[in-house]
Amino acid sequence: MSLRISVRKSGAVTILDLMGCITFGAAGDAFKAQLREIAESAERDVIVNFAEVSQIDSSGVGALVQSYVSLTRGGGTLIVINPVGKVREVFEVTHLNRTIATYTDETAALASLRSTSAGA
Amino acid sequence: MRDAFPVATELCFGAYHIDLRTGELRKHGRKVRLAGRPFQILALLLEQPGELLTRKQLQERLWPRDTFVDFEHGVNAAVQTLRRALCDSHKKPRYVETLPRRGYRFIAAVETVPATAGRSPGSVVHQKEKTAAAARSDWIGQIAKICDDAGRNYVLLPITEEIFAEMNDCEAAKDDLGISLLVAAEKLLLVNCGTKVKILDARNPDLGCKVRILDGQFVGEKAFASRAHLSGLS
Chain C
1 MSLRISVRKS GAVTILDLMG CITFGAAGDA FKAQLREIAE SAERDVIVNF AEVSQIDSSG
61 VGALVQSYVS LTRGGGTLIV INPVGKVREV FEVTHLNRTI ATYTDETAAL ASLRSTSAGA
Chain V
1 MRDAFPVATE LCFGAYHIDL RTGELRKHGR KVRLAGRPFQ ILALLLEQPG ELLTRKQLQE
61 RLWPRDTFVD FEHGVNAAVQ TLRRALCDSH KKPRYVETLP RRGYRFIAAV ETVPATAGRS
121 PGSVVHQKEK TAAAARSDWI GQIAKICDDA GRNYVLLPIT EEIFAEMNDC EAAKDDLGIS
181 LLVAAEKLLL VNCGTKVKIL DARNPDLGCK VRILDGQFVG EKAFASRAHL SGLS
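Keeping their order, the protein sequence lines are chains C and V.
So the first sequence is residues 1 to 120, counted in the working numbering.
So the second sequence is residues 1 to 234, counted in the working numbering.
Don't take each hint at face value.
Simulated crosslink set (EDC-like; lysine to aspartate or glutamate; CA at most 20 Å straight-line) [claimed, not checked]: (1) C:LYS86 - V:ASP149; (2) V:LYS196 - V:ASP149; (3) V:LYS91 - C:GLU92; (4) V:LYS196 - V:GLU166; (5) C:LYS32 - V:ASP138; (6) V:LYS56 - C:GLU92; (7) V:LYS222 - V:GLU166; (8) V:LYS187 - V:GLU161; (9) V:LYS31 - V:ASP19; (10) V:LYS56 - V:GLU97; (11) C:LYS86 - C:ASP17; (12) C:LYS86 - V:GLU166; (13) V:LYS198 - V:ASP138; (14) V:LYS31 - V:GLU162; (15) V:LYS187 - V:GLU171; (16) V:LYS31 - V:GLU97; (17) V:LYS187 - C:ASP17; (18) V:LYS174 - C:ASP17; (19) V:LYS222 - V:ASP176.
Cβ-Cβ distance ranges computed for the label pairs, FRET-style [stated by the list, open to error]: (20) C:GLU37 - V:GLY178: 20 to 30 Å; (21) C:ALA108 - V:LYS198: 29 to 39 Å; (22) C:THR72 - V:GLY50: 10 to 20 Å; (23) V:ARG30 - C:SER41: 39 to 49 Å; (24) C:GLY25 - V:SER231: 22 to 32 Å; (25) V:ILE143 - C:GLY25: 40 to 50 Å; (26) C:ALA33 - V:LYS198: 43 to 53 Å.
So the derived list for chain C, only partly shown, Cβ under 8 Å to chain V, looks like this [claimed, not checked]: (27) PHE24; (28) ASP57; (29) VAL61; (30) GLY62; (31) GLN66; (32) GLU89; (33) VAL93; (34) THR99.
Since the hints were made in silico from the structure, they are not lab data.
Just so it is clear, CB atoms sit at the ideal spot from N, CA and C, and this is done for glycine as well.
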């Protein structure tokens with residue numbers, strides 16, 4: 001199963017809606033490339049929506065961690081929303097759920113980014 | 001009742017060496033972070049291995065009467081930290097067994113460190129490793145399956161025993177980013193339960209084995225699988 005990535009904006013926040021599997025190979029490479037592009041651009045705050053992702057492996061986890069570190073170093077934020085099923089389990093096993101802020105809905109994630117920006 | 005260790009200050013069990021006088025715990029000679037009540041609970045358990053240490057005894061000895069804290073939560077959290085430091089599991093315990101609603105019991109064999117054995121923790125562990133090597137050389141070449149007693153579908157396999165130690169250090173320090181970075185660098189391999197592995201080395205079987213991964217994303221790679229993550233060994 002391939003991966004579809006849609007990019008949209010909510011104010012200054014970039015939101016990636018993912019659909020499919022993020023596994024080693026073309027899908028994993030596309031995910032990495034998209035995150036790298038965002039990390040290298042002027043975007044600061046990114047939300048990655050996993051609601052429609054059924055599987056992620058270590059290559060996807062690696063891409064996510066690298067982007068998180070890269071965005072954080074640049075003063076930005078990466079937030080994950082809606083990880084479910086096996087994806088959620090992978091996040092727990094790899095401690096990603098404790099490394100990267102994780103929310104169950106987009107509104108809460110956006111609110112947390114706004115409050116962070118307001119406090120800055 | 002088994003022998004207690006009222007005067008011994010250095011003990012070893014599995015791959016661990018504990019110095020009760022200095023408050024240090026080591027695994028394979030590497031220091032494991034464990035302090036405060038989790039360390040004190042371990043010390044109390046080691047006073048009488050094989051015997052029940054009741055929750056009441058724990059409360060009396062470690063929580064002063066004039067402190068108003070949630071003892072139940074405190075003892076559960078401390079035992080959880082202790083288990084993490086020992087890479088132990090409450091469902092399949094190798095060291096600390098829970099006796100529901102009653103207390104805890106230390107179930108592994110405990111040895112005092114003889115005064116003539118020298119004070120180097122490394123030398124003690126090395127001696128134990130040699131003993132274990134003869135016992136499980138028959139595992140080499142066997143096929144085992146990766147499993148997780150917590151019932152998850154995935155486990156993290158370190159690529160070497162050194163990375164295994166680093167992972168434990170991260171877990172003891174609650175360094176979640178450290179764990180995630182080890183996964184990103186593929187020093188910790190995210191492996192499905194049920195993955196087949198071949199045992200390459202079982203010099204320290206109580207701790208784990210060096211294995212070759214036989215299927216899945218990391219087929220062909222070498223890794224170090226803790227004993228708790230290996231099933232099907234005879």
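Holds or violated: LYS187 of chain V with GLU161 of chain V, Cα cutoff 20 Å? 11 Å, holds
Run the distance test for LYS196 of chain V versus ASP149 of chain V: straight-line Cα separation, threshold 20 Å. With a Cα-Cα distance of about 16 Å, the restraint between LYS196 of chain V and ASP149 of chain V holds, given a limit of 20 Å.
Distance restraint evaluation - THR72 of chain C, GLY50 of chain V, Cβ atoms, bounds 10 to 20 Å: Since THR72 of chain C and GLY50 of chain V have Cβ atoms about 49 Å apart, the given range 10 to 20 Å is violated.
Taking the closest Cβ pair, is VAL61 of chain C under 8 Å from chain V? Given a least distance of 5 Å, the restraint on VAL61 of chain C holds.
Is the Cα-Cα distance between LYS174 of chain V and ASP17 of chain C 20 Å or less? Cα-Cα ~30 Å, so violated.
Cβ distance range 22 to 32 Å for GLY25 of chain C and SER231 of chain V, holds or violated: Holds - the Cβ-Cβ distance for GLY25 of chain C and SER231 of chain V, about 29 Å, lies within 22 to 32 Å.
Hey, does the GLU89 of chain C contact hint survive, CB to chain V under 8 Å? 6 Å, holds
Has the given pair, LYS91 of chain V with GLU92 of chain C, been kept, meaning a C-alpha gap of at most 20 Å? 19 Å, holds
Check the hint pairing LYS31 of chain V with GLU162 of chain V against an upper bound of 20 Å on the C-alpha distance. Holds - the C-alpha atoms of GLU162 of chain V and LYS31 of chain V are around 13 Å apart, at most 20 Å.
Keeping to a limit of 20 Å between CA atoms, is the pair of LYS196 of chain V and GLU166 of chain V held or broken? Violated - the C-alpha atoms of GLU166 of chain V and LYS196 of chain V are around 24 Å apart, more than 20 Å.
Distance restraint evaluation - ALA108 of chain C, LYS198 of chain V, Cβ atoms, bounds 29 to 39 Å: 47 Å, violated
Straight-line Cα separation of LYS31 of chain V and GLU97 of chain V no greater than 20 Å? Cα-Cα ~23 Å, so violated.
Hints 4, 5, 6, 12, 16, 17, 18, 19, 21, 22, 25, 26 from the earlier list are contradicted by this structure; the remaining hints agree with it.
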